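*Asks:* Please put together the full structure from these sequences, using the hints given.
Number of protein chains: 2
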Amino acid sequence: MEEIKNILPKGGHVKNITRFEKIEKYPVYVEPFHVDFTGCIFLGILGNHLLNAAGNHSQKRGWGISALNETHHTWVLSRLSIEMTEMPRQHEYVEVRTWVESVMKLFTNRNFSILRPDGTPLGYARSVWAMIDMETRKPCDLLTLYDGDILNYVVSPEENICPIEGHGRFRFRNPQLVRTIDTYYSDVDINGHINSIKYIEHILDLFPRQRFERQSIRRFEIAYKAEAYMGDRLSFYTQQTEPDNDDSIDVEVRKNDEDIVCQARILFR
Amino acid sequence: MEEIKNILPKGGHVKNITRFEKIEKYPVYVEPFHVDFTGCIFLGILGNHLLNAAGNHSQKRGWGISALNETHHTWVLSRLSIEMTEMPRQHEYVEVRTWVESVMKLFTNRNFSILRPDGTPLGYARSVWAMIDMETRKPCDLLTLYDGDILNYVVSPEENICPIEGHGRFRFRNPQLVRTIDTYYSDVDINGHINSIKYIEHILDLFPRQRFERQSIRRFEIAYKAEAYMGDRLSFYTQQTEPDNDDSIDVEVRKNDEDIVCQARILFR
Chain A
0 MEEIKNILPK GGHVKNITRF EKIEKYPVYV EPFHVDFTGC IFLGILGNHL
50 LNAAGNHSQK RGWGISALNE THHTWVLSRL SIEMTEMPRQ HEYVEVRTWV
100 ESVMKLFTNR NFSILRPDGT PLGYARSVWA MIDMETRKPC DLLTLYDGDI
150 LNYVVSPEEN ICPIEGHGRF RFRNPQLVRT IDTYYSDVDI NGHINSIKYI
200 EHILDLFPRQ RFERQSIRRF EIAYKAEAYM GDRLSFYTQQ TEPDNDDSID
250 VEVRKNDEDI VCQARILFR
Chain B
0 MEEIKNILPK GGHVKNITRF EKIEKYPVYV EPFHVDFTGC IFLGILGNHL
50 LNAAGNHSQK RGWGISALNE THHTWVLSRL SIEMTEMPRQ HEYVEVRTWV
100 ESVMKLFTNR NFSILRPDGT PLGYARSVWA MIDMETRKPC DLLTLYDGDI
150 LNYVVSPEEN ICPIEGHGRF RFRNPQLVRT IDTYYSDVDI NGHINSIKYI
200 EHILDLFPRQ RFERQSIRRF EIAYKAEAYM GDRLSFYTQQ TEPDNDDSID
250 VEVRKNDEDI VCQARILFR
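Sequence order for the protein chains is A and B. The C-terminal residue of the first sequence carries number 268 in numbering that gives the first Met the number 0, and the numbering is unbroken. The C-terminal residue of the second sequence carries number 268 in numbering that gives the first Met the number 0, and the numbering is unbroken.
By construction, these hints were calculated from the structure, which means they are not laboratory data. From a predicted model like this one, the values you see are computed outputs, not experimental measurements. Treat the hints with care, since some could be wrong.
Remember, identical chains collapse to one label, so a pair may be satisfied in a single copy or spanning two.
As a list, the in silico EDC-like pairs of lysine to aspartate or glutamate whose alpha-carbon atoms are at most 20 Å apart [to be verified]:
1. 59 - 30
2. 254 - 204
3. 197 - 140
4. 137 - 69
5. 59 - 91
6. 14 - 82
7. 197 - 181
8. 137 - 245
9. 59 - 212
10. 197 - 30
11. 104 - 148
*Replies:* What follows is the structure, encoded as structure tokens:
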């Protein structure tokens, strides 16, 4: 995969856009029902805020879901990695910032920072998105879509740093089946797919109360591989990432005990 | 239970408060991940917005959770009935309004309206709340707490109408066990209790996709009876409210197959 940064494709229109306009700021208030029993925001809820910030960023710049739907295209989330030094707590106000770090033919990297009102970073996130044709479900060329307008908004790592590691690789050796669940009405989104955020909830639900009493999540990574639908049975397989480290757990989710739906890694501190 | 409206207890300070100040307005934007596969907001998410509006109303008037916690008191939701003519859809802006309809010694009735930006009502809700002492878990006298200040904010039914029926009565005859689930990390709130909104999700998850494809929820009622905790096993029993009407379903939720945790009624249209 060839990485192209800040290079406009043929036919692209160079706009004079400031760094300020390239970065979207999304205010978040941590609601009472959005925190866990330790008083910290649920990671799934935080993930939802990140996706909303991403949606706003695209929407305001002309390539949001509603504009895309007119041409039968949509964004698909492929990877999400969130790393927090501290979780926002009940009643806190935080700001999510998001920007496009790079654009390749079939994927774009979008980063996030999560900041206190005084600018202190609480954490960062990285994500990878593809754009697909809703009819063929095939990926589109991001470098030519809308005359490559997205390239006008790239903020290079030098301009705005995202100081967390990139997405890791998963190597499942002999993971153990730990839970199988059915999926219901509340699990699916407007497209009838199991909602990306619900996977995060179901994955964290694999851990007992004691884990969250003594540890917090330092990093959470997820790779979305295939869609599942309401009624699909999801099986959760887990392994320690390394045999002698109980603080890093890999989870593979399969539907109807066949296809891999997603893979995740949870690092506790 | 003696009902007292707009009567200040001994020692109460009469404030000159306008109707405008008595009613809280809470803006809601319907986020993409908050809608079901039909594009309408999940009822649980709508319920969450109502509870946030209620929290804001109390908070701004001096008897919100954080003020109460200083004196070791807290609000407890006892009943919630939501009736919608139309559900807000993805990307819609709506306004939730809430006010206190009446105050009795041990309970207060709080109402809600859900409005389009042009003022068209989409639906209404009624709720009943008690205040308890967090140590003894016993209810408190609302008429004397904070010198009965809450009575200054009562909006009578003549001033602001809530044109939906009051909370109904449940009569379980021989309900059938339809599902048993375990409860996990995502189910519990900051107090370690299964979160009021999660019950709504689990109850609606009892219905198959076909039900939501052909019908929408006209009214949803829930009565909270006892707290459940992470790890409790919840059993769901259902019956038709009346033998020959398939559109009104009663659900009783029991924990560890003994105590009743909550009871709900769902009316489909």
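*Asks:* As a check of your reading, is residue 137 near residue 69 (CA-CA no more than 20 Å) within one copy, between copies, both or neither?
*Replies:* Result: close within a single copy only, 17 Å intra versus 57 Å inter.
*Asks:* Could you figure out if residue 137 and residue 245 sit no more than 20 Å apart (CA to CA) within one copy, between two copies, both or neither?
*Replies:* neither (39 Å within a copy, 43 Å between copies)
*Asks:* As a check of your reading, is residue 197 near residue 181 (CA-CA no more than 20 Å) within one copy, between copies, both or neither?
*Replies:* Intra 13 Å, inter 17 Å, cutoff 20 Å: intra and inter.
*Asks:* Have a look at residue 254 and residue 204 and pick one of within, between, both or neither, based on CA distance no larger than 20 Å.
*Replies:* both (17 Å within a copy, 19 Å between copies)
*Asks:* Have a look at residue 59 and residue 212 and pick one of within, between, both or neither, based on CA distance no larger than 20 Å.
*Replies:* This pair counts as neither: shortest intra-copy Cα distance 41 Å, inter-copy 32 Å.
*Asks:* Within, between, both or neither: how does the pair residue 197, residue 30 come out at a Cα-Cα threshold of 20 Å?
*Replies:* Both: 18 Å inside a chain and 15 Å across chains, each within 20 Å.
*Asks:* Evaluate residue 59 and residue 30 at a C-alpha cut-off of 20 Å and name the case that applies: within, between, both or neither.
*Replies:* between (26 Å within a copy, 15 Å between copies)
*Asks:* Go through the copies and call it for residue 197 and residue 140: within, between, both or neither, with a Cα cutoff of 20 Å.
*Replies:* neither (29 Å within a copy, 41 Å between copies)
*Asks:* Using 20 Å as the alpha-carbon threshold, which applies to residue 104 and residue 148: within, between, both, or neither?
*Replies:* This pair counts as within: shortest intra-copy Cα distance 13 Å, inter-copy 63 Å.
*Asks:* Regarding residue 14 and residue 82, is the shortest C-alpha distance of 20 Å or less found within a copy, between copies, in both, or in neither?
*Replies:* neither (33 Å within a copy, 50 Å between copies)
*Asks:* At most 20 Å between alpha carbons: which applies to residue 59 and residue 91, within, between, both or neither?
*Replies:* between (26 Å within a copy, 17 Å between copies)
Of the numbered hints listed earlier, those contradicted by the structure are 3, 6, 8, 9.
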